[in-house]
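Chemist: The chain contents come next:
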Amino acid sequence: MTKCFSGEKICELIDEINPQSVVSTNSDSVHIQPESALSVFSELKNKENCQFNLLNSLTAVDYIDHFEMVYHLTSTIHNHSIVIKIICGEGRKEPKVSSVVNIWRGADLQEREVWDLMGITFENHPNLKRLLLWEEFPGHPLRKDYLR
Amino acid sequence: MSLRTEPVTMNVGPIHPSTHGVFRMRVTFDGEEIVDVEPVIGYLHRGSEKLAEERTYTQVVTLTDRMDYVASMTNNQSYILSVEKLAGITPSPRGVWLRMIAAELQRIASHAVANGFLINDLGAWHTPLLYMLREREKILEMFEMLCGARITNSYLRPGGVFMDAPDQFWPALNRFLDEMPNRIDDIERLLTTNEIVLIRTQNVGVLKKDECLNASITGPVLRASGVDWDLRDKNPYDYYDQIEFSRPLGEIGDNHDRFLVRIFEMRESLKILRQCIENIEPGPVRPKEVPFLVRPPKGDSYVPIESPKGELGFYLVSDGGISPFRCHVRAPSLINLTLLREMVLGDKIADLFVTFGSIDVNMGEVDR
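Just so you know, the protein sequences line up as chains A and B, in that order.
Sequential numbering of the first sequence, starting at 1, is according to our numbering.
Sequential numbering of the second sequence, starting at 149, is according to our numbering.
Be aware that a few hints might be false.
To be verified - Straight-line alpha carbon distances no greater than 27 Å define the calculated DSSO-like cross-link-like pairs of lysine-lysine that follow: (1) A:Lys93 to B:Lys446; (2) A:Lys45 to A:Lys85; (3) B:Lys446 to A:Lys3.
Hints in this document: simulated from the structure, not taken from any laboratory.
Since the structure is predicted, the reported quantities are computational estimates derived from the model, not experimental observations.
Same shape as in the complex, but just chain A (with noise of 0.2 Å):
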């Protein structure tokens, strides 16, 4: 049975790699600070007693006041997984975080479709263009405030 941690493991996994990153902790999930992203995601796949090396699922999704992404992450070695999140900017202005393709080659297409339907841009994502949409669609059809 895979082993999902509750929000406090994670807190206490990710302050062994960077003890300002987490924002705040939930039942199942921490949010951490999008600008220490992606040095924790690499820890969280390269060090001893996490190797998260299997990106589940990485979506986001549009909270009104501001846009979250969650990460689903599975260590194939250890059997356990973890879920963490973050908020990307304030508001809705023009949300942003880092891209993590570098470290998990999976989220090469999810990125991009986040990118298209929900419109967050991925800092140094190689090809980041739209995904199911063509090039001239206006919009991001998953945001809640998208007229039909």
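Once you've looked at the hints, dock chain B against the given chain A.
Modeler: Just chain B now, kept in the frame of chain A:
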């Protein structure tokens, strides 16, 4: 003397018999050799995730059917498990066994289609494919008995399934379990050691273990590369923890390994089906107290399952209302395409379709 050649860029698809739907690849060839491939997708995008935000939790089940339309039952299962976790619903045991039976039958059908079309792409025009589709037809007839539909089943509901299996279902299932091992033997005799199949598939489209994991590739493709990662075993959902089965693994990770892993998984699914029939007991298929209008508390849930294509999960966010606030699908078909370029670089044109077919993607799920 060497000939001077020039690379040519051309479109393959979206309307092409070997792209299994509306998939387009912008391919650059140098003579017969592939220099670059860029998948261009979105021709079947229907905005299912947006549509889900305006339907009740039970109505969304019909949308999930239309994502991976050759494996509707497992799509239903993944979505329902996520809703059940979100709303804290305990399903009825008979309902769970019935949906496990449905999901394993669906896995056999999906793998049969995957392997059939793979051989079709190799140029064995239709004969092996129709052998596979003949077996799939028996499964679709059983689905018709279960829920009245063949492809878009919508059989599952939060808490179990909507209808008990009719009396004629069990003899049909037993007959299928008796016959199917022989049919798989036939298919193997015809194809597994066939010289042409071996020449065309061995050491073509090789995926290394580490590349695979790093690119989030899951399912039979990952197991064909030798990683023992099956969510039915590693993170059992439903009653898979009470079931014994083995997980076939490939060694090289080439097209032939992916073909073989699917054949072996069909046999394992038959084993699982037999155990499900032994364990199922009479009772309600759905708890009476679960309402049709589910209203989960605020929160989010993600329950990944092992679908025939790989890890399939629905990330649902609830704001306490009657419809999901956000419904994201982790689509294995889309993510398994990440390394398509690396898999076919340097191969010949004809191998492109074989490698693409061996990943087994479903365009309904890629585009959603």
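Chemist: Enumerate the violated hints, using their earlier numbering and listing them in ascending order.
Modeler: none
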